[in-house]
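> Sequence:
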Amino acid sequence: MHHANHFYGHAHVLARYAGLGDRHPPRINGYVQHGWNIGDGLAPGHPYAERTPSLLWSDQTRRRAWSVGRRNVVVIGAPFSYLLALRPEEPPAEERAGTIWYPFHGWEGQHVKGDHRKLIALIRDTEPGPVTVCLYWHEYRMRNVRRLYERAGFRVICHGYRGHWWKDTDPEFLDRQLTELRRHRRVASNRLTSAIFYGIAAGCEPAVYGDPMILSNEDPTFGGTARIRRQWPQLHGTTVDLPTAVEIARAELGTDHRCTPAELRELLGWANLQEEDRDD
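Quick note, the sequence shown lines up with residues 0 to 279 if you use numbering that gives the first Met the number 0.
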């Protein structure tokens, strides 16, 4: 299995939905898009075997992949949309409150450059209620960055480690994220990212504002942040029209393309598993 299929526990969520329970997911026949992007669904720099199926989130991404010459592409919807089907929302014990804020982040190969102090000041001036700042594991491990947000009086959390090269994958990452999103009234970030679309799908009011910061050696191939702001202006600002945001998130997450368990097993190469190997 391509190691990126394990990121954020995506393969584990898909296996649960397909009826394979919580055991280690079988090998997926293809590359599952592991995050929202404005390209062809594949992450720049990740090794990729030619003719391997691309299992993409949305029809928009499929069209972009087609335009750059990729043909073996299938739209299955985002793994997060399968998690929503597995965990339909129940009446909350407490009303949603406050904002969960996701500062743009780096990863093992690229660091983010930006002024966290200015961002903190803007968040404090903008958000009407208590703020939870969710740092990506990369920044959460940076004590100096984490403490800036803690000293500002924010609740600071991390959903877990994404995993890398088949090691240390946290199967509960998306579950933890969904639980947190459902606690909050708003979701915000300084860039339009997967977390914003997840938050909208989970019932949050979105906002995208503040310095988008700079990612070292950022790949400009598909237009970068400038294109994102041009193409999705409706999702930028301290307040956003919610019905419009819900419609866009549904399209970008491919919610209407979500497969049945049987269809998913067929597409991922799991249809021929012996019945005794299944937990459904």
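Incorrect hints may appear among the rest.
Here are the simulated distance ranges between beta carbons [to be verified]:
1) W65 <-> E246: 19 to 29 Å
2) P232 <-> R62: 15 to 25 Å
3) E94 <-> G68: 28 to 38 Å
4) E265 <-> R116: 28 to 38 Å
5) A261 <-> R140: 33 to 43 Å
Hints are computed from structural coordinates only; laboratory data are not their basis. All residues carry an ideal CB built from backbone N, CA and C; glycine is no exception.
> Would you list, in rising numerical order, the hints stated earlier that this structure does not obey?
Failing hints, ascending: 3, 4.
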